[in-house]
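Chemist: For the protein sequence lines, the chains are A and B, in the order given. Quick note on our numbering: the first sequence kicks off at 1 and runs consecutively. Quick note on our numbering: the second sequence kicks off at 1 and runs consecutively.
Certain hints may be false.
Unchecked claim - Now the stretches of chain A that chain B is said to cover, found in silico as 3 or more residues with beta-carbon under 8 Å:
# : region
1 : 3-17
2 : 34-42
3 : 46-60
4 : 85-98
5 : 542-553
Derived by calculation from the structure, the hints in this document are not laboratory data. Everything numeric in this text was worked out from a predicted model, so none of it was measured. Even for Gly, the Cβ is constructed at its ideal location relative to N, Cα and C.
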Amino acid sequence: MSEYRAPIREMQFVLKELAGLDEVAQLPGCEEAAADVVDAVLEEAAKFAEGVLSPLNVVGDREGAQFQDGQVTMPKGFKEAYKLFAESGWTALGSETEWGGQGLPKLVATPVSEMWKSANHAFALCPLLTGGAIDALVLSGSDKLKQTYLEKMVAGEWTGTMNLTEPGAGSDLAAVRTRAEPQADGSYKIFGQKIFITYGEHDMADNIIHLVLARTPTAPEGVKGISLFIVPKFMVDDAGRLGARNDAWCASIEHKLGIHASPTAVMAFGDKGGAIGYLVGEENRGLEYMFIMMNVARFGVGMEGVAVSERAYQRARDYAKERVQGTDIGVRGSVKVPIIVHPDVRRMLMSMKAKTEASRALAYVVAGAHDKAVHHPDAAVRKQHQAFVDLMIPVVKGWSTEIGIEVASTGIQVHGGMGYMEETGAAQYLRDARISTIYEGTTGIQANDLIGRKMARDGGATFKVVIGLMRALDADLARHDGLAAIRRRFAAGVDALTSAGEWIVATYAADVRAASASAVPFLTLFGIVAGGWQMARAALVAQARIDAGDSDPFYPAKIATARFFADHLLSQADGLASSVTDGAAGVMALAEEQF
Amino acid sequence: MKILVSVKRVVDYNVKVRVKADGTGVDVANAKMSMNPFDEIAVEEAVRLKEAGIATEVVAVSAGIANCQETLRTALAIGADRGILIETDVELQPLAVAKLLKAVCEKEQPQIIICGKQAIDDDANQTGQMLAALMDWPQAAFASKVIVANGKATVTREIDGGLETIEIALPAVITTDLRLNEPRYATLPNIMKAKKKPLETLTPEALGIDVSPRLKTLKVAEPAKRAAGIKVADVAELVAKLKNEGVIA
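One chain only, chain B, in its complex shape (with noise of 0.2 Å):
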C-alpha cells in the first residue's frame, strides 16, 4: 500500500512573527522556516505504517517555491521514502493546493493521503477537506488513532465535546490532529541518506492545474494589543464594571 503525505514549509512555530509595514500580509523574509508541526505528525503516522507492514512505500509532496526541498529532505529524514516537489512562486491557496494534490494522487494511485489538519501559518483547516471532495474520497479529519485493515481505516477523530471513532474504505483523506502521535527525533544515519533519496520536481503547469489565488488579502493586523487592567474593590464593582462595559448584560 502506498501513502502519500502532504508537507508545508511555514515560519518555524518559536518565531514570533510581525506584520509587515503595509499591512500587506507577514513579514517572513530570513526567518527560520520549518515543517508545519501538524504534517511532521502525518509522516510520522505514514513512517509508522510501513514500520507496522502496512504500507509498502511512503512518498511525501511538498508545493511552493524551490526551498521546499529543504522541508521534503526533513520528511525523508523522518523515514518517507521519496519526495515530490511541485514548484511555484504563486502565493498558494487551500484550493490550489487541493487541486495539485488531486493530480498527483491520480499520478501514484496512493491508498490513503495523509495531511496536517491545518498549517500553522494561515490556520485554513480546508486542504484536506477540499481534496477529499475533488477525489470523491472518504475523509477522516482529526485524527488522534487510525488502525489500517482489510482496506479500511478505523479513525478516531477528535470532535468537540469528545472523540468519534469511524471506519472509511479506503482510499481516504486523513487530517492529523495533534495527539495522533509524537514525532520522532530524526535519526543521523537517516539524516545523511535522506539526500540520496529521490526527489522529484514537478509544475503546476505540467500538472496542468492553475493555481491563481482565489482569494485576495485586504489587510493583515497585529492582534490589538491587550489593555492595562485595573483592581476593583468588591464583587459588586466588578459586576457594575463588566455591565458598563458591556460585557455582560
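Looking at chain A on its own, in the form it has when it is part of the complex (with noise of 0.2 Å):
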C-alpha cells in the first residue's frame, strides 16, 4: 500500500528558495507568512491530508456521490472530514480577516491546497469552488451581500458554486439563456437550466450559495449582455437565520469517468415559480466579474495537475521499490530485483519526479508574483507582476493538467497489469486527472488565451520581459561546470521558445488561423521552457549548498533532476518550435469534408 505523504521538504525548498517566501512575507498585510509559521502550517496541513482526506480518496471513487429525490447524498466519512475541514479552520486560509478569514498569501494557500487535492481531489473541489464565489462576492458584491454571506462561506459553513454552463452554453459563454427577471424588491427571479455544476448540491453543509450567469430582459446580446447573481439554497433573513427552500433545485447528477464524490449537478432554477437571486456588482458585467474569479480557479485546477503528479508518483515510486521481478540486466547471476532496478523504470520515475517537480516550481513562482502582484506598495510593481501573472496562468493551468494526465498514465505503466487494475489505485488517479485538461477552459481555451489576450494583444512585451529573466540565468549557470548540461539544454529551449513567440505575435495579426493552430504546441513549449527555467534555478540553488559544505542529499537530487528534465524535456524544444512555426499548415491542409 501507498499512503499519501506531503512532500514538506520540496514545497519548503521551492517557497523559500523559487517563490521567494520572504520577500513575500515583507510585504503589507502578508506579515503572517513568516517562515516558522509557514512550516507549522504545512506541518499540521499535512496531518490533516494524511490522516483524514487520503483513506477517503478510494471510497469517495468507489461509493460515488449519490443522487435520490432531489437530494445528494456524499460518500461514507466526506461529511464528518467536511465538518472538521472547516471547524479547523483550513476554508478561512486565504480568505480576508475582515471576513473571518486568516489572511494567508496565495504562496501559503498554493502547497496547502496542493495537499488536499493530493489526498483527494473529488473533496478538494468543494472549497476550490466555494474560494471562488467568496472573491465574486468579495470583488464585486454589495455591502449587504457582502454581510449576508461572506463570513459563513469563509467558515465553511455554507459552499459556493459557479453556474455558468448551460446545454448550449458550454466553452461559448455568449451563448448563455438564463433569464433574470427585475422584482420590485430590488431582486430577481432567476428561470433556467445549468449544467456541471461542481458541487451544486450536497450534504455536507447548510446552505449552498450559488453564483449564476444571466440575462436581464433588456440585456444585449452575446457576452455584453450577461449579468451575475447570487442564489442561495435557502433564503437568509437579515438577522443570518435560515429561511425558506428557494427555488433552485439539483435535477440530476452526472456519471462521470472520475471525481466520482464530486456531484456534478444539472441545477434547475424557477420551475417552481422563479428563484430568487440577487444582482452582484452591476447589471451586463458578469462576464468580467467571472473572469476575475476564473483566473483564481484556473490556478487551482492548475495545480490539481502538479497535485495528481505528486501523488501518482509516490505511489508508482513505493511499487517500483517493492515490486519483485526479473534479474538486473547488467550483473551476470543476478539475484531477483525490485523493479526500480530496471533502467525503463527509473526512466519512468524520474520523467514522473521531474515533471512534478518543475510544473510545481512553475506554480508556486506564479502564485509569489500574485502576492506581488497584490501586496507590493509600488503600483508599478505591481503592474509587473500581474502581467507575469496573466501571461503565465494559462500556461499554468494548460500545462500542468496535461502534465497530470501524463504523470498519472506514466504511473499506471510503472505497475504493469497491476496498474490497469482498479484495486491498485492507480487507475484512479489518470481517471480523476483527466477533468483537469478539460472544465475552467480546456487546453485549447487556455492556449488561445495564451497567444491572444496574453501576448499578441501587448505586442508579446509581457513575453520579452519573462525571455529575458530567462536569459539572465545563463551568466550564473555559467559558473558551475556542473550544470554545463543543463545550461546549454536550457539556452536552446528559450531560443526555441523565442523564435516561436515571435512568430505567434506576427501571425497572430496576420492569419490568425494558422496561429491558433499552433497555440497548444506553443503551450507545450512555453510550459516545458518555464518548467525548465525553474529547475535550473533550483539546480543553482542546489549547488551553492553543496559548495557551501550541505551534506543533504536532497540537493545532489535535485541538480540530477533538473539534468533529466533538460535533457528528456528540454530537448524537445527544438521540435515543438517546429510544430509552432511550420505545423500549421498541416493542421488546416484537408477540406472538412475530407474528415
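Using the hints, put the two standalone chains together into the complex.
Modeler: Spelled out as C-alpha cells, the structure:
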C-alpha cells in the first residue's frame, strides 16, 4: 500500500528558494507568512491531508456521490471530514481577515491546497469552488451581500458554486440563456437550467450559495449582456437565519469518468415560480466578474495537475521499490530484484519526478508573483507582477494539467498489469486527472488565451520580459561546470521559445487561424521551457548549498532531476518550436468533408 | 490548577531510520522530526482538562537543541498556553531530563505533570518515573483514563493482563499510554496564535543542573535481517526441525 505523504521538504525548498516566501512575508498584509509559521501550517495541513482526506479518496471513488429525489448524499465519511475541515479553519486560510479569514498569502495557500488535491481531488473541489464564489463576492458584491454571505462561506458553514455552463453554452458563454427578471423589491427571479455544476447539491453544509450567470430582459446579446447573481439554496434573513427553500433544485447528477465523489449537478432554477436571486455588482458585467474569479480557479485547477502528479509518483515509486520481478540487466547471475532497479522503470520514475517538480516550481513562482501583484506597495511593481501572472496562468493551467495526465498514465505503466486493475489505486489518478485539462477552460482555450489576450494584445511585451528573465540565468549557470549540460539545453530551449513566440505574435495579426492552430504546441513549449527555467534555478540553489558544504542528499538529487528534465524535456523544445512555426498548414490542410 | 507537559522532539514515526555506518547511533540528519506521539497524547489530555475547567494553565516543556522550539509550537497549537525550552546541545538521557523537569516543577509549582510514557526514539520509559522519585510525588504511569477531582487524580493504568485503577494525591506525575485519548488536529487559527504565545528559553546551567551523560552507548546495530523461510512437508518434519534448531526442547 502507498499512503500519501505531503512532500514538505520539497515544498519548503520551492517556497523559500524559488518563489520568494521571505519577500512575500515582507509585503504589507502578509506579515503572518513568516517562515516558521508557514512551516507549522504545512506540518499541520499535512497531518490533516494524510490522516483525514487521503483515506477517503478510494471510498469516494468507489461509492461516489448518490442522487435521489433532489437530494445528494455524499460518500461515507465525507460529511464528517468536511465538518472537521471547516472547524479546523482550513476554509478560511486565504480569505480576508475582515470576514474571519486568516489572510495568508496565495503562496502559502498554494502548497496547502496542493495537499488537499493530492490527498483527495474530489473533496478539494468543494473548497475550491467556494473560494471562487468568495472572491467574486469580495470583489464585486454589495455591502449587504457581503454581510449576509461572506462570514459563513469563509467559515465553511456554507459552500459556494459557479453556475456558468448551460446545455447550449459551454466554452461559448455568449450563448447563456438563463433569464433574470427584476422584481419590485430589487431582487430578481431566475429561470433556466445550468449543467456541470460542481457541488451544486450535497449534504455537507447547511446552505449552498450559487453564483449564476443570467440575462436581464433588457440585456444586449452576446457576452456583454450577461449578469452575475447570487442564488442561495435556502433564503437568509437579515439576522443571518436560514428561511424558506429557494426555487433552485438539483435535477440529477452526472455519471463521470473520475472524481466520483464530487457531485456534478444539473441545476434547475425557477421551475416552481422563480428562484430568488440578487445582482452581484452591475448588470451586464457578469462575465467580467466571472473572469476575475476564473483566473483564480484556473490556477487552482492547474494545481490539480501538480497534485495528481505528486500522488501518482509516490504510489509508483513505492510499488517499484517493493515489486520484485526479473534480474538486474547488467549483472550476470543476479538475484531477482525490485523493478526500480530496471533502467526503463527508473526512466519512468525520473520523468514523473522531474515533471512534478518542474510544474510545482512554476506554479508556486506564479503564486508568489500574484502576492506581489496584490500587496506590493509600489504600483509599478504590482503592475509588472500582474502582467507576469496573467501571462503564466494559462501555462500553469494548460501545461500542469496535461502533465498530470501524463504522469498519472506513466504511473499505471510502472505498475504493469497491476496498474490497470482498479484495486491497485493507480488508475483512479488517471481517471480523476482527466477532467483537469477540460474544466475551467480546456487546454485549447488556455492556449488561445495565451497567444491572444496574453501575448498578441501587448505585442509580446510581457513575453519578452519573461524571456529576458530566463536569459539572465545564463551567467549564473556559466559559473558551474557541473551545470553545463543544463545550461546548454536551457539556452537552446529559450531560443526555441523566443522564435516560436515571435512567430506567434507576428502571425496572430496576419493569420489568426494559423496562430490558433499552433497554440497548443506553443503552450506545451512554453510550459517545458518555463519548467526548465525553474529547474535550472533550483539546480543553482542546490549547487550553492553543496559548495557551502551542505551534505543534505536533497541537493544532489535536485541537480540530477534538473539534468534529467533538461535532457528529456527541454530537448523537445526545438521540435515543438518547429511544430509551431511549420505545423499550422498541416493542421488546416484538409477540407471539412475529408474528415 | 497548573499542568505541566513534557514534550520531546523525535524522528517522525514515518521515517525509516538507518544506523550510522560507524555504529555510534542513528542517522537523523535531514530526517523529518516531530513531537513524540505519547507526548502529543499528554498535551491533548492537559488541554482537555483545561477545556473542562479543571486546569487553568497548561505549560509545555521541552529540552534539547534550539529546534525543539518547533515541537513546543506544536504543543501551543494544540492548546498549551506557554512553552519553556531548556536549551542544550548535550545528548540528554532520562535522568538528566528528569532533573531538568524537577527544576522546572520547583519553579512552576504545577499540580500535575503529564509525560509521555516513553519516547519512540530511545524507548527508555524512565523519565516520568525518575521525576516522581526525585520530586517524591505519587506517580501513575501508563494512564488510559484520568479523572481529576478534589485534589486527587483517579487514573486507570494499562498493566500486564488488564487495567488497574488507582487514586493518587496531587501534585503527581502521570504518564500517558496510547489509548488515553486521540489527539486533535490543530486548527489553523490556533497554529497562527501559537507563534504569539510566550516561549521562555532556559539553560541547564541557569537551572543548576548537570546534564552530562551517565550512560555510554557502546554500539548501535540494525536488527538482524529475517532469514529466508523453508517449506516443510508435514507437522512431523516441522517439529523435528524446531527441535534441531533448538527452538523447542
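Chemist: Tell me, in ascending order, the numbers of any earlier hints that this structure violates.
Modeler: none
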